[in-house]
Amino acid sequence: MSIANISKILLMGIGNTVTVFAVTLFFAIPLGLVLSFISMSKIALFRAPVRAFVFVMRGTPLMLQLFFVCFGLPFLPYVGRYLVMDRFYAACLTFVLNYAAYFCEIFRGGLLSIDAGQYEAAKVLGLSKWQVRLKVVIPQMIKVVLPPVSNESITLVKDTALITTIGLTETLHYAKSLVNSTASVLPYGVAAVFYLLMTFVLTKLFEYLERKYAF
Amino acid sequence: MNIIHAVGVKKKFGGLEVLKGVDLSVSQGEVVAIIGPSGSGKSTLLRCLIELERIDEGSIYVGGRPLVENGVYVKEKEIKEIRRRMGMVFQHFNLFPHMTVWQNLLLAPLSVLKMDKKEAEDRATEVLSQVGLLEKKNELPKNLSGGQKQRVAIARALMMRPDILLFDEPTSALDPELTGEVLSVMQDLARNDATMVIVTHEMEFAKNVADRIIFMNEGVIALEGTPKEIFENTTHARLAAFLARWDAKEQEEGQANIG
Ligand SMILES: Nc1ncnc2c1ncn2[C@@H]1O[C@H](COP(=O)(O)OP(=O)(O)O)[C@@H](O)[C@H]1O
Ligand SMILES: [Mg+2]
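Sequence order for the protein chains is C and P. Per the numbering used here, residue 1 is the first one in the first sequence, and the count goes up by one each step. Per the numbering used here, residue 216 is the first one in the second sequence, and the count goes up by one each step.
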């Protein structure tokens, strides 16, 4: 089987790969940002649930979380039957929650890195809490968190392959069936190139952003 | 009228009493220098005036309005209005590093005062010229020297047209050869009748520019008076010891500069 034909088949899976990737980044970054601010709240009642959530999401395998949401939730007493979800939505939801926890920790580190003098200068100039966050804190945070966010995004590209475990098709799924049906290792190589291409694009994008935020 | 009037100010950090009953009045157009050994509460006093720290006891009035009366603070909204009449310049400049000089200057006028864009830009041009940095308006703070950064910080404070400017050791983080440019900007402000409270270790500057000098020691105002009264005082043991140490240090630095 030619590389072109292999690629054609793998491309059928790339839609899911890219969608899970994009949906996760799109929702997990803002959610992680909000969580990071809450996790730094002075009020323990706000802070504690977020810290607990982050602990659980980072402390258990993503695959377990996928199984839990997809196959486990429907067995919950009383509410279970309302929690039967389309598998693809279940996968997206799980990825968003899992990555939001990681982003929360990254952003928390970013928040901690901001000098107290920045808040004081902003306060003395009369900026409101929201103005301080949006105009002073977040832009400076971005610079600090770009490298770890880049790292996390590249991990995400590869983590998307996990959705095969709940019976969804994606790039790796097709590669595996092709290897079985053609008795050739080539489809794995082509799949690897696909992942490398996505990683390459991401790396370039983040290099650009890092240059832009080099203040 | 007194722009600042503070009475019986006490402030604790945990168990440590840092201000032990300070009275301070600053009148319109006055330049007050606060000197004293490290840890005597100079910064804390300044920070309390602009509500970066909260006092435990006493009262502070700004422009006749209470900020805190007998340890009870007014409402947050009023605190904001009162703070708006003051500007502060920090030892470490605290410029916003992600913004150009120009953006640093315009941020608060546009987003806090809702000043008209044109008006804000005219004001920015004016204050940047005043501190001699108009040609640096598009630079990021990281491309400026320490002295230039501090001049921008002063300009940023001036944008808000404060009734009073507070300086906390504005030259202490600077290389000795860069202090002059900052002090000369401050001297210009003094000449133009700005009201200023300046915590400083620059004794020459305090002597030449201040109308009044306050010597703080261990959380109280140990002595205050005109520069002449302070620097020619020989009877106050603590002050004499402090000034002697200062002279020794100056000598040493002088020697080092020559050697
Ligand atoms: N935020 C704080 N928490 C605890 N102690 C503080 C704090 N700020 C200042 N102090 C203490 O208060 C005392 C006075 O500090 P400060 O006002 O900075 O003195 P100065 O500016 O005269 O050197 C010092 O002993 C200092 O350690
Ligand atoms: Mg100090």
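Just so you know, these hints were derived from the structure itself, not from any lab. All values derive from a computational prediction rather than experimental measurement. Heads up, a few of these hints could be off.
Said to hold, decoys possible - Taking lysine-lysine pairs in the DSS-like style, the calculated list, with each CA pair at most 25 Å apart, reads:
1. P:K295 <-> C:K212
2. P:K332 <-> P:K295
3. C:K129 <-> P:K292
Claimed, not checked - Quick look at which bits of chain P chain C covers, simulated, 3 or more residues with Cβ under 8 Å:
4. 295-306
5. 321-334
Even glycine gets a Cβ: it sits at the ideal position worked out from N, Cα and C.
Status of each hint after checking the structure:
1. Taking the CA atoms of P:K295 and C:K212, the gap is about 34 Å. The hint is violated against a cut of 25 Å.
2. Between the alpha carbons of P:K332 and P:K295 the distance comes to roughly 22 Å, so the proposed pair stays at or under 25 Å and holds.
3. With a C-alpha separation of about 13 Å, the suggested pairing of C:K129 with P:K292 holds against the 25 Å cut-off.
4. A stretch counts as covered by a chain when three or more of its residues have a beta carbon under 8 Å from one of that chain; for the region 295-306 of chain P and chain C the count is 7, and the coverage holds.
5. Note: the region 321-334 of chain P has 5 residues with beta-carbon separation from chain C under 8 Å; the three-residue rule is met and the coverage holds.
Checked against the numbered hints given earlier, the structure breaks only hint 1 and satisfies all the rest.
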